[in-house]
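**Student:** Chain residues, written in single-letter form:
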Amino acid sequence: MSVDAGTVNTPVANSSGWRELWSKEDWWAIWIGLGIVLAGCALYWTGASLRWLAVLPPRWTSFSQVTADLSANWPRYATQFVFWLAAFSTALTALGYKAREFVPAFAFLYVAALVIFIVGQWDSAVYYNLEPPLIALFAGLVIANTVGLPRRLDAGFRVEFYVKTGIVLLGATVPFSLIVLAGPIAILQASIVSIVTFLVIFWVGVKLGLDRRLAATLGAGGAVCGVSAAIAVAGAIGAKKEDAPIAITAVILWAIVMIFALPLAARGLHLPTGVAGAWIGTSEFADAAGIAAAQAYGGYAGKIDGIAGTSEQAVQAFTLMKVVGRDVWIGIWAFVLAIVASTRWEARTAGSRPDAGEIWRRFPKFVFGFLIASLLISAVTAGYSLADYNKTAVPGLIAPIKDLRTWAFIFCFLSIGLTTRFKDLAAAGRAPLLAFSTGVAVNVVLGFILSVYVFGSHWATLGQ
Amino acid sequence: MTLMELLRPAFRPRKAARFDCFGCTYFRNDAKTIEQALPGISSFSSAHASVRADDGLCTRHDTLLNGRRACADYSVRT
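Residue numbers (numbering that gives the first Met the number 0), protein chains in the order written: chain A, 0 to 463; chain B, 0 to 77.
Bear in mind the hints are in silico, worked out from the structure with no lab data behind them. Each hint should be verified, as a subset may be incorrect.
Restricting the straight-line Cα-Cα distance to at most 27 Å, the calculated cross-link-like pairs of lysine-lysine (BS3-like) are [claimed, not checked]:
1. A:K240 to A:K422
2. A:K239 to A:K206
3. A:K206 to A:K302
4. A:K390 to A:K401
5. A:K302 to A:K390
6. A:K401 to A:K239
7. B:K31 to A:K390
8. A:K206 to B:K31
9. A:K401 to A:K422
10. B:K31 to A:K97
11. B:K31 to A:K240
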C-alpha cells in the first residue's frame, strides 16, 4: 500500500496529553469496562444486579433447550445487543469511524457470536474440540479467506478494542491481592523469556543479513506483545515503512498457529490450567490470540480427565504473564531501542533525541483499567467471609461481569478471523521468517520449562 | 560510554521542537492511513492503540517514525 507523498494533506495530530483520553482506544476500553464495573457495583449495593443484561445461552443437550431459552430471553439478548452497540459505536465514532459502517458490521458480529456461543454450550462440544474461541477464530478465518466480507465492515471487527475491553472486565474477576502476589513472578518469568527471545531473533536476523532496525522490529514482535510491540518499536527506531508489515506477517502466522497448537500440546501433556495459562502467556504473541488459547484451554477444566484447575486459572495466569509481565514494558523497550538506534546504529534522519516521555506515551493504558477494576471489586468485597463472597458477591456482582467479559472476548475472537486475510499480508521473506521462527522455538521451550518446572507449583495453585 | 551517559540526555527537559514531523508536509499519522499502509495491523493490534503514540509515516524517507522527531528535510505543511 503506497501513501501519497506530500499531495494529500490528511490531518496530523499530536495525540498525547488530555487528547489521548478520547482519541485512543485504550482509554475507550477503560471507559466502557469501568462503566460496566461501576454500574455493577451500584446495582449490587441497591440489591439488584447486572444479571438480567449479562444473558448467556444455557448449557444444552437437546436443541429444544436452546429454542426455549431464545424464546424466553430474546428481550434480554436484544437489550444486550443495543447496550454493546451503543457503547462501542460511541467509542468508534469518537475514533473517527462512521456509525453507518459500524452498525451492520456489529449486528453481524453479535449474531455470529450468539451462534458460536450456542455451539460452544453444547454438552458434547468439548469432546469435538468445539471450544467457542477456536470455533470463532476458525469460522472467521474461513469467511474472510473464502467468500470474504465487504471491507467497510472492518469498522465493526475491532480485535484490539474488544480484547482490551474484555481485559478491563477481567480485572474485576481477579482479586488485587492475587495481582500483588503473582505479579512479581510473572514479571520475572516474562522478562527472562522476553529478553532471551529478543536477543535470539535480533542475533539470528543480523547474522542472516537483515538490517538492524528490521531485526529489532521482529525481535520486539516475538518477545514483547506481538504486532503492537512491532509497530511501537518500528516507530521508535525509525524503521523502514516495509519493516513493520514484515514483522506483522510473522507475528500473525505464528500467533494463529499457537492459538491451536499451545492448547493442543498442553492438553496432550495434561497440564493444570494455571500452568498452561502461564505457558500461553509466555509464548503467545498477541493478547487477543493468547486470550483465545487460554480460554479454550480453560474450557477443558472439569471436562477432560487429568486436567486440574479451573477455567479462571488459565485466563488469570495468562493475563498476569502477558499483560503484567510483558505488555507494560513496551514503552521501556521502545525507549531503550530508540536510544540504541540513534546512538549506536547509523543515523537515518537527523533529528531530535529520544526522550523518557516515550515510556509513558507508549504505555498500554488499558492496563490501568484492569488494575482499577480489580481494586474496585476487591474493595467492595473486602469485608466478606469466603462463604459470603461465594454466596452473594459472586452471583450478584462478579459472575455477570464475567459473562459480559466472555461476550467481549467472543467479539474479539471472531474479529481476529474476519480481519485476517492472508492474501493481504506482506511477503515476509525467508530470512525474517527464519529469524522469527528461531525465536519462537526458543520462546516456546523456555516458556514451557519456566512454566512447568521452575514456577510450576506457583501457577498450578494460582489463587488457591 | 557508560549506561548513565547514554541515558542522561533522554531525561533532560527539552523545549518542544519547532519543526517536528507534526508540522511537516511529508508526515501522515491518521489511523486510517496507518492501517492501510501496514497490512494486517488490525488483526492483532490497532492504529488507535496507545503504544503507537504519535508515530506516523514519513513519505519523504519511507519510514515509520515518531512524530516528535525533526529532520533537515522538513517542509512546512500548508
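**Student:** Evaluate each hint against the coordinates.
**Tutor:** Results of checking the hints against the structure:
1. A:K240 to A:K422: Holds. A:K240 to A:K422 sits at ~19 Å (cutoff 27 Å).
2. A:K239 to A:K206: 19 Å, holds
3. A:K206 to A:K302: The given pair, whose Cα atoms are some 47 Å apart, is violated under the 27 Å limit.
4. A:K390 to A:K401: The given pair, whose Cα atoms are some 16 Å apart, holds under the 27 Å limit.
5. A:K302 to A:K390: 24 Å, holds
6. A:K401 to A:K239: Violated, because 42 Å separates the two Cα atoms, which is more than 27 Å.
7. B:K31 to A:K390: Violated, at about 48 Å.
8. A:K206 to B:K31: 35 Å, violated
9. A:K401 to A:K422: Answer violated: A:K401 to A:K422 is near 36 Å, above 27 Å.
10. B:K31 to A:K97: OK: B:K31 and A:K97 at ~12 Å, within 27 Å.
11. B:K31 to A:K240: At roughly 15 Å apart (the allowed maximum being 27 Å), A:K240 and B:K31 satisfy the hint.
The structure fails to meet hints 3, 6, 7, 8 and 9 from the earlier list, while all remaining hints are met.
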